[in-house]
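Just so you know, the sequences run in chain order A and B. Every letter in the first sequence is one number past the one before it in this note's numbering, and letter 2, counting from 1, is 2. Every letter in the second sequence is one number past the one before it in this note's numbering, and letter 63, counting from 1, is 63.
Derived from the structure by calculation, the hints contain no laboratory data.
Short, incomplete list of chain A residues facing chain B, as computed with Cβ under 10 Å:
(1) 2
(2) 4
(3) 32
(4) 36
(5) 42
(6) 47
(7) 49
(8) 89
(9) 91
(10) 96
(11) 97
(12) 99
(13) 101
(14) 102
(15) 106
It should be emphasised that the depicted structure is a prediction, and the values quoted were computed from it without experimental measurement. Using N, Cα and C, we set each Cβ at its ideal position, and we do this for glycine too.
Below, each chain spelled out in residue letters.
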Amino acid sequence: DQQVKQNSPSLSVQEGRISILNCDYTNSMFDYFLWYKKYPAEGPTFLISISSIKDKNEDGRFTVFLNKSAKHLSLHIVPSQPGDSAVYFCAASGSGIRQKLVFGQGTRLTINP
Amino acid sequence: DVKVTQSSRYLVKRTGEKVFLECVQDMDHENMFWYRQDPGLGLRLIYFSYDVKMKEKGDIPEGYSVSREKKERFSLILESASTNQTSMYLCASSFPTFVQHDNNSPLHFGNGTRLTVT
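Isolated chain B, as found in the complex (with noise of 0.2 Å):
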């Protein structure tokens, strides 16, 4: 069983603080992937990896920055929290490519990171 752990399940952090968002994977994925999800808004690609050392934007990478050191984990990194970074964080890992067979999911997600900023 594929298993996505985030390292906080919630957080608490004053705004201006730097954050830090872990997550390990121990399928071997070469892909992870940061999300954050608010009402109304659906689930937001903030950053993502296709290997260790690289990095690309997603649609909202404004004040967010990722690592990845090792294959197995991928950190986001918060640089200067503020309130409008309140939300939830998910993190996912996958292959390379989504294979396309029905009813076999190609993503994996941890049980996300609460993070409210105050």
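Chain A with its partners taken away, still in its complex shape (with noise of 0.2 Å):
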């Protein structure tokens, strides 16, 4: 049962432009929403993060949108770059003590010059 989806496994985007990568979650528990990003043989690293009082948060060239009525958060890239192509995936977890996170399958985003 696959809690986190990301249902695009590829996207690929023009330098300068847009990237919307999206992610749905099926248990109402989570309240918590991270994106790492992930180079091919590296660790993936925290890339934006939001709690579930929030709807939008911004770092940068980056924001994370979250709708908690539709299970459904959404980041954003703008404007994109080049060093952007990676593998980006989103993850859920509870509050509490002894929380884990839950993955996505992960979008491979590439941008193209």
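Take the two lone chains, each set in its own frame, and fit them into one complex as the hints suggest.
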């Protein structure tokens, strides 16, 4: 049972344009959401997060939107740069101690010059 | 800076071998995790540990075991390696509670071990 889903395995975007990556979740107990970026042969690195009390969080070129009623979040990258080409994972967890992050399948983003 | 170190970047093992993957963290984190990453399947949790000598199964524990004798070290053991265990293995660590502040990562990953079983 996939609790966190990224339905687009890949996405190709022109440099300078907006990249939009989507993620859906099914567990209503999730209240903390994150995006990680991964290059080949490296561990995932944290990108941005959002707690369920908010519907938007920005950090530079990256913005995460959360729609709790739809159980949907998205990551916007503006403007997209060649260094953004990587696999992006959406993750979610509940509150309290002894939580674990549940990850989606990942979306491979390619930025074309 | 948190450092999570996995002992090997690349490993090649034969079917049936016993394989040890080692992970060490230097941030005094209570929680440690082992994930595997496969194309199209994302990161799947194998085992995790909330304290020394304590372990809990994740989503795909079959064929694996773990050992946590010291707080900073968490080992993943493949009792008898099989070809379907060829994968990228990722270790991570965290404090007991994920601090839910925006732009703060609760989980710190190592660089991964690419294991090939032939």
